[in-house]
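Undergrad: Please construct the entire structure, taking both the sequences and the accompanying hints into account.
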Amino acid sequence: MDQGASPARVTLDTPVWDRGVRAFHWLLAAAVAGAAYTGFFDKRLALRLHLILGVAVMVLVAFRLVWGFLGGSYARFASFVPSPRALIEHLRRLGDPHPARHLGHNPLGALMVLGLLCVLAAIAATGTVALGGFLKQGPLAPFTSFATGQLLLQVHKALAILLVAMVVAHLAGVAFESWRQHENLVGAMLTGRKRVLPPAEQAAPARPHPRAAAAVLAATVAAGGAGVALLAARPGLGVPPARLDPTYVADCGACHMAYPPELLPAPSWSAIMADLSHHFGEDASLGPRDTAAIAAWLRANAATRWDTLPAHLFRTVDPAKPTLITATPAWRRLHRAIPAAVFRQQPVVSAANCGACHRDAASGRFAPQQIVLPRGVKA
Amino acid sequence: MRRGALPSLAVAAVLGLLPAAVAASVAQYAAARQAILSHYAAEARREDPNFKGFSASAGQAFFLAHPAAARPATPSCSTCHTTNPRNWGMTRAGKRIAPVAVSVTPSRFTDLHKVELWFRRNCNSVYGRPCTAIEKGDYITFMASQ
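Chains as they are written, first to last, in this note's numbering: chain A, 1 to 379; chain B, 380 to 525.
To be clear, the hints were calculated from the coordinates, so they are not data collected in a lab. Cβ coordinates follow ideal geometry from the N, Cα and C atoms, glycine included. Misleading hints may appear alongside valid ones.
Claimed, not checked - Label-pair distances were calculated between CB atoms; the ranges are:
#, chain 1, residue 1, chain 2, residue 2, range
1, B, A406, A, H278, 37 to 45 Å
2, A, T247, B, R508, 22 to 30 Å
3, A, K321, B, R475, 23 to 31 Å
As the list claims (entries may be wrong) - From chain A, some residues computed to sit far from chain B (all C-beta separations above 12 Å):
#, residue
4, A30
5, G39
6, A121
7, V174
TA: What follows is the structure, given as structure tokens:
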């Protein structure tokens, strides 16, 4: 291309954003939008989708890191990571109506790219810690305490708000530069092409290596996936064993689900077992030996012994009704959106029937992903 | 031996043995239930010297009654077991209860410890008192006829 031979009015297109950059950009935008929507608005009921999108963001960020070394000219970090001097110069001339042309990322845009990648990685990392400690799921569940998970969940949320602010700034920057440079930058990210107008700073030519990048990414994802699978299979920190006492299951589980003992604190279990003849309106008495054995087992495995979310939520009871799980402040708060009639209808029958909606109730895990509300019920 | 004959022989053996095993366990259940009825009959004779034997129809009336002393949540046996013992029942906490009728659940009333446990619990809830041996025997006799 000989620019000197072209008349000034003729514009020439040149490829800037390669397929890898464009696919990455729009897939990331979609995944982040979905993760933000499910995280901010759908909360518990969309956790499954939120996690899938979070993993997608992680893989995309990993791809971008690889592509920053193996991609085309303008994809490489070497072509756009700005020097402090270039950044200051760019900032000083922000008001200049005839700015220096950057075919690739301008210094401020480059800073945003790096910032977004860092914040996304931090959001993914804090989300994984929160998932491990708060819900005892994922690769970090065997190592993360509830308190750590709870703290990191707050950091995860704060970073998500920071990300929203950064996305707004990114869009504002794109709009500003599109106006200042008389160039549709959104279109450029779709077609990959930009006008060549002198003086334009062009990147050093570099050939993309899609096969090598795919191999590196595949190896990273495979190793990461295998590691996650191995770790996630290990028991979570402070998670009670799945097996319940067989006498308890046989004698108490005949009438109601065998509530995992971490759903109440020890004093509540003592109160329940002290008067089985008057057990929520019925006689549920047992022989003295069975009563004593079950009471001891319940007290030994009560809420304060474990580190799961249910164990933390339900150790605080209603002082007026200390034996009623459904009277605890946490239970009321978590079920307040569900109309009382839902608990009476078939096949729920009673609010005591946790398993009607929580498919994993018997295990005591109460994972948000395992909630299946009866048809027609919104919460 | 022809190839594949061994698996088919095994299948035939299982198909032949299965009904036999079921029949054997049903017979064992019947014997165990009869022993429990004899136990209650002996107690019933102590309760009432004129005791002549258990009555299925008395058991049915006992099952369907709404006693005045019942606790509010459990006005009748049929509250949880439904009025037809051959139906599946449901507890107030939403747990399904296997039919009480012996024809549907052959293992019913074959373990004295379990039978005593549930008569104590449920008689106190529905009748507000322990049941007599005659009532228990009538109830089992009715369920065995269903």
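Undergrad: All the hints need checking, so say for each whether the structure fits it.
TA: Against the structure, the hints:
1. Distance hint for A406 (chain B) and H278 (chain A): a CB-CB separation of about 41 Å, consistent with the stated range 37 to 45 Å.
2. Distance hint for T247 (chain A) and R508 (chain B): a CB-CB separation of about 27 Å, consistent with the stated range 22 to 30 Å.
3. Evaluation of the 23 to 31 Å hint for K321 (chain A) and R475 (chain B) yields a pass: the beta carbon distance comes to about 27 Å.
4. Residue placement check: A30 (chain A) keeps its beta carbon more than 12 Å from all beta carbons of chain B (closest about 42 Å).
5. For G39 (chain A), the condition that its CB be more than 12 Å from all CB atoms of chain B holds, with the nearest at approximately 33 Å.
6. A121 (chain A), annotated as away from the interface, keeps every beta carbon of chain B farther than 12 Å; the closest lies near 46 Å.
7. Distance check for V174 (chain A) against chain B: the nearest CB is about 56 Å away, which clears 12 Å, and the non-interface claim stands.
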